[in-house]
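The primary structure of each chain is shown beneath.
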Amino acid sequence: MSIDVTVQVLKDNVGKNIMIKLKGDKVIRGILTKFDQHMNLVLSDAAEYKAGDQTKLGNILLKGDNIIIISPQE
Amino acid sequence: MSIDVTVQVLKDNVGKNIMIKLKGDKVIRGILTKFDQHMNLVLSDAAEYKAGDQTKLGNILLKGDNIIIISPQE
Amino acid sequence: MSIDVTVQVLKDNVGKNIMIKLKGDKVIRGILTKFDQHMNLVLSDAAEYKAGDQTKLGNILLKGDNIIIISPQE
Amino acid sequence: MSIDVTVQVLKDNVGKNIMIKLKGDKVIRGILTKFDQHMNLVLSDAAEYKAGDQTKLGNILLKGDNIIIISPQE
Amino acid sequence: MSIDVTVQVLKDNVGKNIMIKLKGDKVIRGILTKFDQHMNLVLSDAAEYKAGDQTKLGNILLKGDNIIIISPQE
Amino acid sequence: MSIDVTVQVLKDNVGKNIMIKLKGDKVIRGILTKFDQHMNLVLSDAAEYKAGDQTKLGNILLKGDNIIIISPQE
Amino acid sequence: MSIDVTVQVLKDNVGKNIMIKLKGDKVIRGILTKFDQHMNLVLSDAAEYKAGDQTKLGNILLKGDNIIIISPQE
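Protein chains in written order, with this note's numbering: chain A, 3 to 76; chain B, 3 to 76; chain C, 3 to 76; chain D, 3 to 76; chain E, 3 to 76; chain F, 3 to 76; chain G, 3 to 76.
In case anyone wonders, no lab produced these hints; they're calculated from the structure. Careful, some of the hints might be misleading.
Said to hold, decoys possible - No more than 30 Å apart at the CA atoms, straight line, and that leaves these computed lysine-lysine pairs for DSSO-like:
hint : chain 1 : residue 1 : chain 2 : residue 2
1    : E       : K18       : F       : K25
2    : B       : K18       : A       : K52
3    : F       : K25       : G       : K52
4    : C       : K18       : C       : K58
5    : F       : K36       : G       : K18
6    : G       : K28       : A       : K13
7    : G       : K25       : A       : K28
8    : C       : K25       : E       : K28
9    : D       : K25       : E       : K28
10   : E       : K36       : E       : K58
11   : F       : K18       : E       : K18
12   : D       : K58       : D       : K25
13   : A       : K36       : A       : K25
14   : F       : K52       : G       : K25
15   : G       : K25       : E       : K52
16   : F       : K18       : G       : K13
17   : E       : K13       : E       : K25
18   : C       : K36       : C       : K25
19   : F       : K25       : B       : K25
20   : G       : K25       : G       : K13
21   : G       : K58       : A       : K13
22   : A       : K52       : G       : K58
23   : D       : K18       : D       : K28
24   : G       : K36       : G       : K13
25   : B       : K28       : C       : K58
26   : A       : K36       : G       : K28
Okay, chain A solo, but in the shape it has when bound (with noise of 0.2 Å):
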């Protein structure tokens, strides 16, 4: 078993842009810049994308407790 998958992504990530799915079919795009073990994670250039509409947010921080799926974009 592995402890602390979550931790070993994110860390892994820092610096690098990454895809989020929320709760309620959200999905945001951002430069990962910060995290802590609960995933709340706080992003630069961040932007909301719903339903093919985006919209700007730039800095945020984004609370770990919505969050589905976390997936780098290469």
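Let chain A serve as the given structure and place chains B, C, D, E, F and G on it in line with the hints.
Just chains B, C, D, E, F and G now, with coordinates in the frame of chain A:
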């Protein structure tokens, strides 16, 4: 791994204008005056935005457990 | 970081008129008479507002876990 | 700050008629006979009210975690 | 204040017919055979009632966290 | 009061056919092969039933926190 | 009673193709590469299936608390 990501971000924004996205597609804007480690926020000059309408709320206490995203507003 | 933001705000408003937004778009107004650290509130002269209608409730005990926003009413 | 606000209010209402608003727009009325610190209530002569209809329930045990508001009925 | 209100009520109803209201407007009736302190119930001769239809379920284990109301059926 | 009601019932049904009702009106049937104290279940020969349709799932791990009712199938 | 049923099943499926059903009728398929005791999963070659459509996701971190069912895919 960074500890207390939410506290760091909130500390940097006391006295500044922030935008908060809540569950149920509510958006609140206001000046952050106080906060605690549960992301409970005290805002002054707050207003709620929903489907294009703005409702002035004045001073409010906002419970942290409904927050999805916090974004500083330059 | 400020500790016990909710207690501070509630303490300052005992005996005063407050507005509470609950999950499910309910709004309650009343005079705050008592509270505890879970944001459970006792209100007198309370009324519920929904879609323009007002329902008088008198004295109520309001459970803290349904609260989204508390706002003092000048 | 007052401790145990819910216990105080419930203690004062044993043997009396109370109205309870539950999540999902259910309203229950009945005579409070027992309670515990989780707001679990035992009611006698209870009835449920929904959209103008009344359903007699008799003696019931009502779980505290669905309660939004409790109001004594003079 | 009474402690363990739910245990008292359930103890008094072992071997008796009870009605349970669950979240999502489901109603279950059956004979209570066992229970624990989480309100997990074992029922025999159980049936589900929804919108006028009855579905026989026989022996069931019912998880306590979906229960809203328990009512003894004379 | 009986302790560990869920463990008792699950233990009696290892190797037997059970029906599980999940939140969201999903019904799963299968042979119980393993379980733990959180009601996490391992089923073989499982299938999902929804609105009259059956989908074969084979071996599955079913998380306990979505379960409403477990019923042994004679 | 078996302890750690979820860990056993996940351990047996590292490097293999699994199907995950999430709340909100989402289905994810991918190769399990890592996991932890909260059922947080790391998948490679993942894709999302919804109402007949497939969306490629590549490498993803999937939070355990949205999972309903995990099924190994032979």
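Decide if the proposed pair is consistent with the structure: K25 (chain G) and K52 (chain E), CA atoms, cutoff 30 Å inclusive.
holds, 23 Å
Check your understanding: Do the alpha carbons of K18 (chain E) and K25 (chain F) lie within 30 Å of each other, as the hint requires?
Key -> holds, 27 Å
Agreement of K18 (chain F) and K18 (chain E) with the hint, judged by alpha carbon distance not exceeding 30 Å
Given that 30 Å is the threshold and the Cα spacing comes to 28 Å, the pair holds.
| request: Would you check the hint for K36 (chain A) and K28 (chain G), treating anything up to 30 Å between C-alpha atoms as holding? | output: holds, 28 Å
request  = Assess, step by step, whether the Cα of K18 (chain D) is no farther than 30 Å from the Cα of K28 (chain D), and give holds or violated.
outcome  = holds, 20 Å
- Task: For the pair we were handed, K28 (chain G) and K13 (chain A), check the Cα-Cα distance against 30 Å.
- Result: Within the cut-off at roughly 27 Å; holds.
Has the given pair, K25 (chain G) with K13 (chain G), been kept, meaning a C-alpha gap of at most 30 Å? holds, 23 Å
Checklist entry - Would the pair K58 (chain G) and K13 (chain A) pass a check requiring their Cα atoms to be no farther apart than 30 Å? => result holds, 23 Å
Pairwise hint evaluation, K58 (chain E) against K36 (chain E), where the allowed Cα distance is 30 Å at most: Distance of about 19 Å is within 30 Å: holds.
What's the verdict on K25 (chain C) and K28 (chain E), does the C-alpha distance respect the 30 Å limit or exceed it?
holds, 22 Å
**Item:** 30 Å limit on alpha-carbon distance, applied to hinted pair K36 (chain C) and K25 (chain C)
**Value:** holds, 21 Å
- Task: For the pair supplied as a hint, K36 (chain F) and K18 (chain G), confirm whether the alpha-carbon distance does not exceed 30 Å.
- Result: Roughly 21 Å between the alpha carbons, so the hint for K36 (chain F) and K18 (chain G) holds.
In this structure, none of the earlier numbered hints is contradicted; all agree with it.
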